[in-house]
Structure formats: C-alpha cells, structure tokens
Amino acid sequence: MQMNGDQQLEAYRRMLRIRRFEEEAMRQFSRNKIPGFFHSSVGQEAAIVGACLALRDDDAMTGTHRSHGHPIGKGARLDALMAELMGKQGGICKGRGGSMHFADNSVGIISESGIVGGGIPLATGCAFSASVRGVDQVTLCFFGDGAVNEGTFHESLNMASLWKLPAIYLCENNGYAIVTSVEQSHAQPDIALRAAGYGMPGVTIDGQDVTAVFEATAQAVARARAGEGPILIVANTYRFDEHNYGLLVPGQPYRSVAEIEAHKRDRDPILLYRAVLLEEGVSEKTLREIEEEVTEHIKKAVKFALNSPMPETETFSDYMFNTPI
Amino acid sequence: MQMNGDQQLEAYRRMLRIRRFEEEAMRQFSRNKIPGFFHSSVGQEAAIVGACLALRDDDAMTGTHRSHGHPIGKGARLDALMAELMGKQGGICKGRGGSMHFADNSVGIISESGIVGGGIPLATGCAFSASVRGVDQVTLCFFGDGAVNEGTFHESLNMASLWKLPAIYLCENNGYAIVTSVEQSHAQPDIALRAAGYGMPGVTIDGQDVTAVFEATAQAVARARAGEGPILIVANTYRFDEHNYGLLVPGQPYRSVAEIEAHKRDRDPILLYRAVLLEEGVSEKTLREIEEEVTEHIKKAVKFALNSPMPETETFSDYMFNTPI
Amino acid sequence: MHTDAQKHAAPHGTDIQMTYVEAIVQAQIEEMDRDERVILMGEDVSIYGRGKLFERFGKRRVWNMPISEGGFTGLAIGAAISGLRPIVDLSTASFVYLASDQIINQASKLRFMTGGQIDIPIVFRCFMYSAGSMAAQHADRPYPLFMNVPGLKIISPTSAADIKGLMKSAIRDGDPVLVFEDARLWSLEGDVPTDPDRVIPIGKADVKREGRDVTLVAIAGAIRPTIEAVDALTEEGVSVEVIDPRTLKPLDHEAVKMSVAKTGRLVIVENGHRVCNVGSEIAAVMAEEAFDLLRRPILRLSAPDIHVPFSPALEKGFFPTKDDIAAAVRRLL
Amino acid sequence: MHTDAQKHAAPHGTDIQMTYVEAIVQAQIEEMDRDERVILMGEDVSIYGRGKLFERFGKRRVWNMPISEGGFTGLAIGAAISGLRPIVDLSTASFVYLASDQIINQASKLRFMTGGQIDIPIVFRCFMYSAGSMAAQHADRPYPLFMNVPGLKIISPTSAADIKGLMKSAIRDGDPVLVFEDARLWSLEGDVPTDPDRVIPIGKADVKREGRDVTLVAIAGAIRPTIEAVDALTEEGVSVEVIDPRTLKPLDHEAVKMSVAKTGRLVIVENGHRVCNVGSEIAAVMAEEAFDLLRRPILRLSAPDIHVPFSPALEKGFFPTKDDIAAAVRRLL
Ligand SMILES: Cc1ncc(C[n+]2csc(CCOP(=O)(O)OP(=O)(O)O)c2C)c(N)n1
Ligand SMILES: Cc1ncc(C[n+]2csc(CCOP(=O)(O)OP(=O)(O)O)c2C)c(N)n1
Ligand SMILES: [Mg+2]
Ligand SMILES: [Mg+2]
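Residue numbers (our numbering), protein chains in the order written: chain Z, -6 to 318; chain Y, -6 to 318; chain V, 1432 to 1764; chain R, 1432 to 1764.
In case anyone wonders, no lab produced these hints; they're calculated from the structure. Heads up, a few of these hints could be off.
What the hints assert, rightly or not - Below, a list of computed lysine-lysine pairs in the DSS-like style, where the Cα atoms sit at most 30 Å apart:
(1) Lys296(Z) x Lys1747(R)
(2) Lys1490(R) x Lys157(Y)
(3) Lys278(Y) x Lys26(Y)
(4) Lys157(Z) x Lys1483(V)
(5) Lys293(Y) x Lys1747(V)
(6) Lys1688(V) x Lys1688(R)
(7) Lys1490(V) x Lys1639(V)
(8) Lys293(Z) x Lys1747(R)
(9) Lys1693(V) x Lys1688(R)
(10) Lys1753(V) x Lys26(Y)
(11) Lys1639(R) x Lys1753(R)
(12) Lys292(Z) x Lys1747(R)
(13) Lys1747(V) x Lys292(Y)
Small disclaimer: the values here were computed from a predicted structure and weren't measured.
Can you make the complete structure from the sequences, with help from the hints?
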C-alpha cells in the first residue's frame, strides 16, 4: 500500500501545515494572545500525518495533550483551531477546550485528552461501537511513550485484541515524557514488545519517514477493516521544542543540545520528505506553491482567530448538557 | 532448590490446614456463625503453600479476596483467623476486616485486598521499601487470573522490573474470574507471556504440584534476593468450590460438572502430594499424625472463635488512626 | 408473585407487583427493546438479573467485561460518543473509584470541553452494600463524591416504581447519569406501572408521606428506617412529612423548601458518611435560602466518619436506625 | 529575597521571608534531613523545587515515577506500611482521580481493616490550578470528594508559614494526609519560622483577621480575594472576621462557632464547585450546632456547578471575586 501522487503532495502539505501552525501559534503565544499550556508537535509531523492519511475521512481518531498536530493531520480547518487556542467563541470548541483539547469532530476526532492515557479507552470504545454497529469505520488512537505506562493502555489493548476491534494504536515515541526518558521509566524500552502480551502484532517504524508511517498504518487499517483486529505501531520520533513552550528545566539537562541539534539537522521529517519528493521528480515549483499556500492558509487562520470575539460571559454554562434538567 | 524432609511434611500440614479450615468454616457459615462473602481456597492449596514455604519468616506477602489460604500458608495461627471470620474481637483484625481481608501482619502479610488487583501495587511498594532500606526481604504477591487485566498489574510489574525490586508475582490461575473464563477475558490466555512486555521472566507451572511451586518460587526468591529483580509465576490451579459460598449461577453453566469432578478426582493437590510422600517413603502413620494434629488444631480454633466476644459497640472507632486529631 | 409471562402480558396502563431489582431489570429490558443502541456491559453481566437480559439480547448487546473497570468505563464512554448508549454496570459502589478518572475527567467534561460537538449518553450503575458484613472495601456509599462534579446527574430511587421510571429516564437521557442502588432495597416489593412509556423525570422529589410537624428528607436506603420511624411517630400523634429526593443531582430543593415552609423543622437522614454528604448540601441550601422558614436547627443523621466494620456487632448500629430517626424528630418538637 | 545560603544560615527561632512554594520545599528538606525514612516520589520530581531536593538527597530519596498514578500511589502505600514515609507528588489535582482507588480503598481503610496491625504514614501532595486557562482537565479542586472519606486528613494552608508548619506536621503524622495546594498561592511571600521544630498542628483553624460584624470563612485559595474584600470593607467601616480553617479535615468547627457567637453572620468562600463542598459542610454544622447564634442566613460563594472554561474571558469571573465577596458581606448587614 503506497501513497499515490496526490497523497504524497497532501502529506507534504499537511506536515507543513502543522509546522507552520505551531510556529505561528508560538509567536502568538509569546505575544500573550494564547493562554494556558502549549505543547508543540514540531518534529513529530510525519508520525501524525502518515498515520492520518492512511484513514478514510469517516474514520475516527483520538489525540493527546500534544494535540495540535492531530486535527491538522486529519484535515481540519485551521481557522477554528487557531481561534480555539486564543479562547475565542469561533474556536473549534467555542473556546471551552483550548490547546490540550483540540478536538474537531467534523474530521472524526472524538477527543484529545489532557489526561495522559485517558484517550486510549475512548478510542477503543469508538472502535467497539463500530464493531457492534457493524460499520467498517476504523479508529486511530494516538498516545505518547509515557502513556504506555498507564493502566488504561493495558486494559484497552487487551479488550481491543480480545474482541478484534478495528483500532490502530499509534505510539508517538519521542523518547521522553517531560524530562523522563523511556529508558528511565519503561522496564522494556522496546515498546512494540508489549503487544505480545495482548496477543496482537506490534511493530516499530521510523516515525520521521512519512512514507513508512503511511505504509505501516495503511496495512494496519486494511487488516482492522477486514475484522482481523488491532495493532500496536510504535513510531520513533523526536520533539524539537521543549515539552511545553517556555518550560525551564533546572539542573542537569535531560537531553543534550547535541542530540537536539542532530535531530533537527538530520531527522527533520519535512526536510527529509521534501528531498524524497524532489528525488521522485516533483518539481521545486510545485513544492513552493504548496509552501506559499500553507503560509497563506495560516495567515488567514490567524486573522480569523484574532477577529473572532471572546465568548460572552453569560454563555459560561453553555454546552454542559445535551438534556438540561 | 528442593524441599527437605521437614519442609515436605510442613507442606502437607499447611495444605491440609487450609483444606480443613475452609471446610470447617463453610460449615460454620452454613450455621450462620460467619457473615459476609466467603471465598474458599479449596483446590488451590499447593499454589499457596508451595510459594509460601519458599519464603523466609521475615519475608512479606499480600493476598486477595480469596484470602483464607494465604495467611495459613505463611504459618499464621488459626484461632485468630477463625475468630476474624466470625467478626469477633479476638479475630486477627479485631473483627474489622473479615473474610476478604485476612491479613496477619505477624507472619508478614501487609494486606489482603478485597479490591481485585488492589494489592499488587502494595506488594510492589513493600519490595520497593526493602530495596530502598537495603534489607534483603522479599515480597510475594498473590493475585488471580482475573486481576491480570487490571491496570495495577501493568503499572506494578513495570516498576518492579525497572528497579529490579525483590518481588515475586504469583498468579493463582484457576481459569475463571467468577463466571468469566481466561479465554473470554484475556486476549493472550498464556498469562506468563505478559512478562516479556516488562522485560522480566515469566514462567507457567503446575499449581497442583506443591513441589513444582516450591521449586519455581525458591528459585525466584533466590534471584530476587540477589538483586536480580522480579518474576511472574503463573501457577495453573483450580477452585473446587463455587466462586463464593452459596453463589447460584443462573443460565448456562460456565464450567461443566464433568470438568469439576475430573479436577477433584485427578488433580487434588493434597491427594497428589500424599501419594508422592508415601512413594518417597514417608509412613502412613506420620501422615495420619499430621492429619489428626490438623483436625485438633481446627477444633481448637473453632472453640476459641466461638468463645471470643463480639467487639463492644463503643469501640467502633478504634483502630482508625495512628495519630488521632 | 407474578410470572414473567404475566408481567409482560399485563396491558399498558396497569400496575404489577415486582421487587426493586426486578424493576431495574424490567426497565432495561424495555429500553433495550425500544432502542437497539442501548447495550449493557460489566463484569459477569451475563448472569445479572438471573440472566434474563443475556437470554433476551445475546452477546452483541450484553457484554461480559474483563476486570478492567477504568478501561471498560472509558471504552463505554468512547462508545457513547460514537453511536451507542451503554449501560455500564460497575457492580459494588466501592469499585467506582477505579473508574472515577474516566467518569470525571472524560464523561463529565468532554461535552463541555468540545463546545458541544459530542454527546455522551451513558448510564453508570452501581450498588451500595450497607448490611451483611461486606466490610469497608465493599460497603462504600460514594455518591457524595460525585455530587461535587459538574456535568453528572445522579439518581438513587427507593421504590420499585421509582427505580423503573427513573432508570428509564436515565437510559433515555442524553448525558452521563449515575445510578446508586442501595442493595438493601433490592428485595422491596411494590406496584410498578407496566406501560413502557411511563418514565419519571430526573430532578423531581417525591413526597412519600404528607405531614405537618416535621420534614424528614430521606436519602436512598435510609428511607426504610425512616418510614418505620414515621409509622411509630404517627402513632404518637406526630405528623411527619417524608421527602425522597430520588434524584440526588440536581437536588429538588424547592420540594424541601415547600415542606419546610409548612413545618419549620428539618431532619435529613442518609447512610453516607457524615462529612460533605447530601445532607450537608441540603442543610446548607436551606440555611441560605429557607433560613427565615426554619424554627429549629437542622438535624442530620448519617453514618459516622468511620469505615464500615465487618463485625455484625459493630455494623448493627452503624447506620441511622428507626430509633435514631424518631429521637431526632422528637428533639425538634 | 534571601539566597538559599542565607535561609539555611538563619538561626533557629527567627523568621525569614520566602514564597509559599519555597516554604513547601523547605519543609520537605527539613523533614528529609530529620528522618531518612522520608522519601519523595512522583513524575519528574527530580526537577521539582528547582531540583533542590534531588540535588540534596539524590535518587535513593527522590524518585521519578513512570506515568502510572494508580500504581505508584499504591507502591507508596505499600512502602509506607513497610518502613518508609513517602511523600507522593501527584502533581495537578485533576490526576488524583487516577489514584483515588488506592487512596480510598487502601490508604484510608487498611489500618482500620487490619485492626490496627499496620500504620500508613504517607503524604499525598497535589496542586489546584484555578487561573491561567488550564481548562477543565487540569483545573480540578477535588478536595470536597475526599472530605467524605473516613481515615483521611486534609490540609490546604494559605500562607508560606502555614504550609511550612502544616506540611511538616503532615510528614510527621502517622496516617495518610492529603495536601491540596492552590497554585495561585505559590508566589505569595511571607515570614516563615526557620526553626525546624516549629510545626503547626493539623486540625486548628487560624483567625486571619479579627472582626465583629460578619464572619468570613475562606477556604484555600479563596483567601486572596477574601482579604482584598475585607480591606475594602474595612475602609467602609465594616468589621469582618476572617477564619482560615487551614485543615479541611477534620474541620475546626469550634473556631467558626466562636466567631459566629460574636457576629451572628456567616459567609463561606471557596473555589470548589458549589455542590457538597466544604462550605456545605460548615454551613450544615452551623445550621445544626450554632442555629441559635445565627441572626441571618448563611451565605456561600464558590465556583458554579460548571466545568472550568479554557477561555480567559470566561475564566475571569468564574471563581468568587473580591467584589462578589464584599457584596455577600453587605447583604448580611
Ligand atoms: C494522568 C496524567 N499524568 C500526568 C500528566 C502530566 N503530563 C503531561 S504531558 C506528560 C508527559 C507525557 O509523555 P508522553 O506520553 O511521552 O507524551 P509527550 O509529551 O512526549 O508527547 C505528563 C507527565 C497528565 N497530563 N496526565
Ligand atoms: C476492583 C474489583 N472489581 C471487581 C470485583 C468483584 N470480584 C470479586 S472476585 C472477582 C473475580 C476475581 O477473579 P480472579 O482474580 O481470577 O480471582 P479468583 O476469584 O478466581 O480467585 C471479581 C470480579 C472486586 N472485588 N474488585
Ligand atoms: Mg513522549
Ligand atoms: Mg481466577
């Protein structure tokens, strides 16, 4: 299962959207236009986009506290996302969710959880629902390496495999949970090996290679859609920014500047893929056009967001209930 | 590591103590002398006693809701246990804990948890404490096959293996959690395979063979005491009685009468071991003496329990606090 | 007692006698008949209600779960967001803590946090033991903990008819509803409407006895000793009004106020532990909003701030008894 | 500001200025110095308090945990039963639900359930965000949930001196103690005794302002707008007495009663959600035990029964403000 030409360009476009969205949002954050915690997905674009592109539009998804990339990867409109970051009424969650909870249901996202590991059972339930209702929807569940140690991971993967649910568990393994490395927190740092305990396949892939991510996920999706059950995909990736914007880590550095620089230089998923596309004969002009288009898109999103009004104080209880008493 | 002659007789004695204790207690239960839930360990004596005998007296332990066998296996006095079942002030927990929470701290039990899976982190913490304090105590952690699916199992085994804690995880796999079989609830019914996900060894043994259980546990204890870390031992066993005394299961039986009868006939750990001892040259007379001694012991325990007073109403708040405010 | 066949045969609009626990099962049968999106999940639920639901709906609608309370609660929430309407059986209320992160951080919050993009129609059932020596790890009555959480509705009805009607409302509701059943009520018999469309709205209290002298609010299982006490008091010539909130969240404070307007005296009885329980909330609201109606202090009876003991000797007087309740009422006269 | 060296050099019996968060760290340093059984565990705690504890005590005393809140809380409880005295850092209070089964079913119950055979000397710390757009999954103030649980002690001090003295008491206590820190107080500066033996007993309220007209009970972070409101009211000639319980469980009801005996008027302010919170409990106890002292209804201010919104525009007026508090006091005059 390989990407066709359109998909390849779309992969490039969406990775770039994530990158530029984050960069612009961090700029807005530093200007105090965005409050709260801010976790950037920069560096992890390929793991996100490769997986999302392997889905159908009507497939479902859950994300994490590092939540900006997921909806963009799935194809969400950027304006409502940027407005959400600013806490505006025009935000995708009407300003109620914010940075860590960037769910766009119109592209199939049922939630992004600020609670680490909290979304894994929800994704499993979404796949369970598809299975019970007899529809062929697949659910893609993102989580980080740190989340693997939560009980929800264990309980969910067992149920998914037991009932052969159409779920793809995609671990964005960026090597760290805040300042704690995988080696310092996982007795078995080879996370894919955990799958065997649930009788399901587990694979490790290069998460900086959008093609590899797409292909592994597409295969998993086909398998899941055919009723053959879930899979655990560990995409090795790297976060280029600090855990959250502005975090100052005292004491001994938990990762070296050299390590970070090497990743930025040699393992930038966007630079890597740009080179691949050129190699495969895509013209520099085509790529430039995409780049400009993305820049435009982001500009518009920021404008929309800045112009969107703040929620009215009287509306503070809106959206609590479907069935108010 | 093999049992010596004394240990062999002690193994027989303790298994028999559990069996006769349970039988007598069920009699008392049916006479309304014992309230609450009652989970019998009959059939699972070898898995308990084999493991306990591999410990030193000052080693620690945690048990489960099926809690009567564990303290007896570790050498606890029966009178205070029987009194506890009856809710008496002379009970090991002063009548506050009862059947599911049969902890005798004097033999190293830090708790038996009525919450399935709840004791696994506690045992891990006990091993953690030994490790931090630099003492060579080992902790044995009992739990059932059903508990394996709780998040606490996952989180605990990871930490234990990560820090090479002196903990032995002993799964009494009796094939069922109430009416749900391992096959119906575990995506990977071979529970020992889960250990690999935590980078620790996992073994499956015949839990009806007290010698096999002792040897596997003794090896694990030596390893743990030497600082080489934890292990997961899955002891395949069988519960002869219903999940809890008096439980009526409607609808289709979840296990057949034939299955139960076959286990009672061919896989009774006490009958099996009696035959082994005779074969190895222990005299019928020696075994008879043990049997009579156990019968006496139980009789005395019942007498003690029946004569022990109920707690005084005014004492209802006793034992809540070490440091009352 | 009627047979199952008779119960089903009964024409709409009539009543039939059944126990509280039969009424819960009946409510689920009717709602599962009505709406195929309603499914049941929990540990060993295939044998629940004497296996009736499993027999009728089979394993695509009735799911035995692994012992993974946190996980399967989250799974059910995900399913609720995605087109199903799960009833999650959490069994003993003491196990609810294992699912509390999912109930609170996800179920109660996600509709709000997504700006209304999703709905979470889900019911969480659990039962509270407060008798029979279940000991502290199986005898929790943790409804007060969930009272403080926005976004949840909580019911704890006390009669067969009420549990049927409110359980049906809970299943039809578009938001998370917690059902706390007092196991002491399971065997209670009562007349129950057979009409499958008779529901009781969430949020409405019921006056279980009318009276003039004192208002007694009884929460959940405390209704049993309360009614006994009221019977005794009536013989003494004391007229007590008994209010059963039925729904704990949101509480029907107006019903209590109306009664206090008449009596000026209020006693609240519950089996929850004393601190920050439903009685605290009712008393606090009355001390603010009905202060001028009150002629005497508000009295609260509850379990003490001590864990539930195993020993029957200690358990016996642990929860408010008929005598405790009668004495409290007399103190206010 | 003093340097660390100066703080340590200060002779016993004197005070020194530090922030609330520095005082917490200082309390832990002193207690970990005093008793080597005291250890600290939690996620990324090596960087907590600017890494001070990790630098001083190293990795055998300061443990970075995997993201396994339920598991490591249970691990700490097991360690507490077996000779250590852990301080468990649960970080944001919204994560406490993941550990609640272990805190409630094990830590709060096991001493009682074993008939006193074991002790569980353990401290659970967490902090509550109620500003800064953390959104609902990071802005819980769940102390009311734990109020209902027997066997737990709960503190939520509001000044640097109080957190130091009470944190030390918590660490020395032989039972489980929960510490709910309001993150809004972290930056607050105050004089703090340097004497490592100065502790503040659990269970004693503090009168933060003396007054005659109205009693204001302020819980946790609500102290800040409360003091602002009182300053404004004082200028208007209204004399307000401010009581800070400091310990939430057990509550010091006597202190409130003494004040109400003087003022006859009571307002309770907190940032917890409205239903079944600490204010409910205090109001209920007063409506029972101080009814005859009360001249006016008891007023409660709190967060509404709605989740905390992300948007700064909505978050701004979400918690009781200075103006809300002043207005409530005026209503009672
Ligand atoms: C239940 C819970 N525990 C702790 C946190 C605090 N926290 C936020 S992100 C994070 C690290 C997560 O690591 P990982 O899963 O690897 O994701 P990454 O941040 O690397 O993308 C932690 C501990 C949380 N949000 N939820
Ligand atoms: C957290 C929790 N969930 C559910 C229960 C109810 N329960 C009691 S025993 C049991 C089955 C346990 O099965 P297993 O671990 O295999 O132990 P066994 O009973 O077979 O010895 C269940 C579900 C419980 N006590 N605690
Ligand atoms: Mg990570
Ligand atoms: Mg079992």
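To see whether the hints hold, each was checked on the structure:
Proximity of lysine 296(Z) to lysine 1747(R) is assessed by CA-CA distance (about 24 Å); at most 30 Å being required, the pair is judged to hold. In summary, the hint linking lysine 1490(R) to lysine 157(Y) is supported, as the alpha carbons are separated by about 15 Å, within the 30 Å threshold. Note on lysine 278(Y) and lysine 26(Y): the hinted pairing is violated, with a Cα-Cα distance of about 34 Å set against a maximum of 30 Å. Between the alpha carbons of lysine 157(Z) and lysine 1483(V) the distance comes to roughly 27 Å, so the proposed pair stays at or under 30 Å and holds.
At most 30 Å may separate the alpha-carbon atoms for a hinted pair to count; lysine 293(Y) and lysine 1747(V) meet this at roughly 28 Å. Between lysine 1688(V) and lysine 1688(R), the direct Cα distance comes to roughly 25 Å. Compliance with the 30 Å bound is thereby established for this hinted pair. Restraint check: the Cα-Cα separation between lysine 1490(V) and lysine 1639(V) comes to about 39 Å, which exceeds 30 Å; the hinted pair is violated. Straight-line distance between C-alpha atoms of lysine 293(Z) and lysine 1747(R) comes to about 28 Å, which keeps the hinted pair within the 30 Å bound.
A distance of roughly 29 Å separates the Cα atoms of lysine 1693(V) and lysine 1688(R); the hinted pair therefore holds under the 30 Å criterion. At most 30 Å may separate the alpha-carbon atoms for a hinted pair to count; lysine 1753(V) and lysine 26(Y) meet this at roughly 26 Å. Taking the CA atoms of lysine 1639(R) and lysine 1753(R), the gap is about 16 Å. The hint holds against a cut of 30 Å. This hinted pair checks out: lysine 292(Z) and lysine 1747(R) have alpha carbons roughly 29 Å apart, not beyond 30 Å.
A C-alpha spacing of about 29 Å is found between lysine 1747(V) and lysine 292(Y), which places the hinted pair at or below 30 Å, so the restraint holds.
This entry does not satisfy hints 3, 7, going by the numbered hints stated previously.
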